[in-house]
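Mind docking chain L on chain B? Use the hints.
Number of protein chains: 2
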Amino acid sequence: MLERIRIVLIGTSHPGNIGGVARAMHNMGLTDLALVAPRCEAITQDSISRASGADHLLHNAQVFATIEDAVGDCTLAVGASARSRTLPWPMLTPRELADRLPGECQSPNARVALVFGREDSGLTNEELQRCHAHVNIPTNADFSSLNLAAAVQVLAYECRMAWMGQHANEPAAQAAPRPDADDALASHADLERYFEHLERALVAIEFHDPDKPRQLMARLRRLYLRARPEQMEMNILRGILSATEKAAQHKQPRE
Amino acid sequence: MLERIRIVLIGTSHPGNIGGVARAMHNMGLTDLALVAPRCEAITQDSISRASGADHLLHNAQVFATIEDAVGDCTLAVGASARSRTLPWPMLTPRELADRLPGECQSPNARVALVFGREDSGLTNEELQRCHAHVNIPTNADFSSLNLAAAVQVLAYECRMAWMGQHANEPAAQAAPRPDADDALASHADLERYFEHLERALVAIEFHDPDKPRQLMARLRRLYLRARPEQMEMNILRGILSATEKAAQHKQPRE
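As they're listed, the protein sequences go chains B and L. Take the first sequence: its position 190, counted from the start at 1, is 339 in the numbering used here, and no numbers get skipped. Take the second sequence: its position 5, counted from the start at 1, is 154 in the numbering used here, and no numbers get skipped.
One thing to keep in mind: the hints can contain errors.
To be verified - Derived list of chain L stretches under chain B, where covered just means 3 residues or more per stretch with a C-beta under 8 Å from a C-beta of chain B:
#	region
1	190-198
2	277-288
3	307-315
Calculated directly from the structure, the hints in this document are not laboratory data. Cβ coordinates follow ideal geometry from the N, Cα and C atoms, glycine included.
Only chain B is shown next, with the shape it has when bound in the complex (with noise of 0.2 Å):
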């Protein structure tokens, strides 16, 4: 369970974060470190120095340009949020997150992404609006800003503490996988590209203008992702698009 679980750090611009991040993560037993677009050189003296032994996910780290290029082969994606945002989404405890991780990752392509913001800012609405679900880490109201290594310890940890829970037969484990699932979930890439292809029909059959967007694509998004669809319900769904499109073609020009 713990090698389908990647870090995905979004911008960061201390490299002893980054060192901070591969010792928590290599404490926990996680392996798999994704950098996006980072604002600062992944291997430094400070990040070794906060790797304090686990460099190695230092230099095995994947770098991307984009959050889409890191979660792309990833069939759960969860980002770390500090408040609930304009348009409020799928709101996870770390403990809720890990009970659902057993379950998750059984599924044969099963790959979780766990996604951080930068340090100053956090996620943007939009990279929060990719994920199928947000994760908050209870704090004081008052000085609620997790340092980066601090955040991923403990998800890492309640990661740890849920694989553990399964190994041991215990409660932690009871987390079936999804009763109703008779086919492998879509990869985000898969839902990404279903997007795109929404967005062109809706266009086509004039429900959406690009230019006064409204929240229609997000809450179409929060819909979806909410719902989990498998690969077969995706290409039905996909079906549906072409079709609509086919019909919308037919379709008198207004001008």
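Same frame as chain B, now just chain L:
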């Protein structure tokens, strides 16, 4: 409860770690920091930088010569230990410790010390034997040494979870209404109207043939029921279907 918990650091060498501990404590709502025979200054540029706004904990920290002075007024002292020592001692996981805290803190004079050792060598056997119990943070057996601030972070997080569970009168986060909902859920009747409308629209765009239904509508039902749509989402989905039907009307008939 949180104000009754004291973090005791013994023989700390790095000011940055003391700063990181202060930040982790303040994030989780702990305030009582004690330093025993520190091997460095507690207030330096590095510790203030790592405290990141929690430096009042550094200024308020009490400094003691011995562990006995630091925990003398405590009703429970728990030492963080990486491994069991020669003489087995009551050993708790962080979660078992957290489960005990609400009960421990009911006594009017209750005070709990969580004791952390040196960065390089932890607590001595003598120090550990001054504790009622030991707490072991589960780690990767090949890489078990946690950063000091990370270890405090994990225990402080468990303290906060226990405190929240107590205040919610329930296990930490049994929020009743779906936390991401910002509108009422659609009723069953709303959903049935949606499925009828969906079927008509799929016929109109020639994606669905009611004479050869296969499992199409059943699969779509399962998907949308799983998502538990809100009323506003239902309105959006109905709007999309109406726009789809309108586009399909203009399609040249086959006959």
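Quick rundown of the hints versus the structure:
1. 190-198: violated (count 0)
2. 277-288: Check passed, 3 qualifying residues.
3. 307-315: With 3 residues closer than 8 Å to chain B, the region 307-315 of chain L meets the three-residue bar; holds.
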